[in-house]
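These protein sequence lines map, in sequence, to chains A and B. Be aware that the first sequence starts at 1, since it is given in the working numbering, and climbs by one per residue. Be aware that the second sequence starts at 1, since it is given in the working numbering, and climbs by one per residue.
By construction, these hints were calculated from the structure, which means they are not laboratory data. Hints may be right or wrong, so weigh each one.
To be clear about the criterion: a stretch of chain B counts as covered by chain A if any three or more of its residues have a C-beta under 8 Å from a C-beta of chain A, and this derived list gives those stretches [claimed, not checked]:
#1 16-22
#2 44-57
Partial list, computed: chain B residues near chain A (C-beta under 10 Å) [stated by the list, open to error]:
#3 A25
#4 R26
#5 I28
Built from N, CA and C at the ideal position, the CB exists for glycine as well.
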Amino acid sequence: MPAYLDAASGAPLHPVARAALAAALDDGWADPARLYGAGRRARLLLDAARETVAGVLGARPDEISFIANGTQALHAAVLGTLAGNRRAGSVLVHSAVEHSAVLHAAGADGVSVPVDALGRVDPATFVAAASAPGVAAAALQAANHEVGTRQPVAAVASVLEGVPLVVDATQTVGHAPVPAGWSVLAADARMWGGPTLGVFAVRTGTRWRSPFPEDDREAGRVPGVPDVLSVVAAAAALRAVSAEQEEIGERHAALADRIRAVVAATVPDVEVVGDPTERLPHIVTFSCLYVDGEALLSRLDQRGFAVSSGSSCTSSTLEPSHVLVAMGAMTSGNIRVSLNRDTTADEVDEFLAVLPSVVAEVRAELGADGL
Amino acid sequence: MSDNADVIVIDARGRRCPLPILDLARRIGDVPVGSLLTVEADDPAALPDVQAWCRMRAHEYVGVSVASDGTPAYTVRRLH
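Work out the full structure: start from the sequences and follow the hints.
Right, here's the structure in full:
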């Protein structure tokens with residue numbers, strides 16, 4: 001039985017999102033800025049969806065903006081916060097394990113704060129770095145996209161003064177509560193069963209200036225007509241997953257614990273990566289010694305299991321995952337398993353049943369037996 | 001470290017993960033316990049992987065130097 005175990009790359013469309021999308025095709029196609037009937041209907045849908053998203057994120061509706069995808073949400077969050085705080089400086093202080101979109105947006109002026117072996121920053125070290133002269137903004141993810149480790153966002157936010165805090169919640173929203181204390185928040189509807197859509201929220205009073213050419217849409221924050229259809233579907237999915245979040249989170253946490261324990265017990269020479277408890281419930285990562293990550297992915301795919309990898313041989317740049325490197329974790333034979341809302345215990349058990357033999361096959365092919 | 005004539009040096013240039021640590025594993029038995037073994041590897045994954053290999057096989061990661069052509073050279077000490 002094939003199993004999709006890569007929800008952290010994007011969940012399949014939630015059934016509620018599918019239904020909302022179908023309905024929005026009839027009523028949400030027009031330009032929501034227009035004053036005729038069809039435009040007003042689209043506007044009503046957009047406003048209602050914005051209110052739903054704001055409620056889940058703990059924001060006001062006028063703080064929410066929609067953009068094409070999660071990466072662009074992170075770009076807008078970082079670039080707009082840097083632009084709005086140019087007087088303070090040009091530096092973005094960020095953890096070493098932020099998403100590459102944050103690192104790319106930080107550019108050459110980024111200052112990286114190291115993480116421990118579990119992938120977490122020390123709050124005092126992070127705050128000290130963010131309080132240095134020339135710092136325009138700080139960025140700390142709610143939880144890591146590759147290993148699931150949660151960052152101490154609330155602890156940092158409670159003592160950080162005068163520097164806006166950008167929080168990447170792209171893997172968290174839909175799976176766990178959003179930590180308090182953000183100035184700018186980014187989320188990704190693909191991760192909660194919505195269509196491809198990015199969301200960012202700018203807390204009232206935060207200095208943020210659009211990095212885009214001037215345009216009056218989305219309160220001047222994102223140029224062009226918003227994708228009302230995707231926004232409606234994403235909001236419907238978010239409302240649905242929020243209602244089931246606690247129950248599914250508990251189920252995922254139990255399955256993830258099982259994966260961590262069984263992989264460590266049945267696969268020789270494996271390192272399970274990331275915090276065992278302070279983590280997102282649905283992400284589990286491990287690395288296998290003497291294993292080619294690409295060969296492992298393709299053999300698992302042949303058996304119907306879709307997972308992802310941070311090994312260098314699986315990336316287009318042939319660079320290993322900067323997250324694993326920052327943690328000092330092994331990068332070879334790396335597998336990230338991420339659970340979707342409808343992932344079953346049987347699917348997980350089948351994956352765990354085939355994994356040891358697949359790893360053994362790859363090792364035998366490399367001539368690694370007995371080493 | 002590369003000046004030490006007693007050190008066995010493995011050329012793993014152009015070999016991608018996990019091959020450099022496989023090379024290391026195949027040769028560790030060729031040096032006496034307490035001696036050094038160096039692998040020259042241009043794979044960007046080599047550093048974390050050599051360190052992880054030392055951790056998992058209970059050998060000592062000594063450090064990294066640079067070969068004459070600029071390739072990183074990772075040295076480990078056989079401990080058992």
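Consistency of the hints with the structure:
Restraint check on the region 16-22 of chain B versus chain A: 6 residues with Cβ-Cβ distances below 8 Å, three needed, restraint holds. Here the region 44-57 of chain B counts 9 residues with a CB under 8 Å from a CB of chain A, which clears the bar of 3, and the coverage holds. Interface restraint check: B/A25 against chain A, minimum CB-CB distance 4 Å, threshold 10 Å, status holds. At a threshold of 10 Å, the smallest CB-CB gap from B/R26 to chain A is about 7 Å, leaving the interface hint in force.
Interface hint at B/I28: satisfied, since its Cβ lies 9 Å from the closest Cβ of chain A, which is below the 10 Å cut-off.
The earlier numbered hints are all upheld by this structure, with none contradicted.
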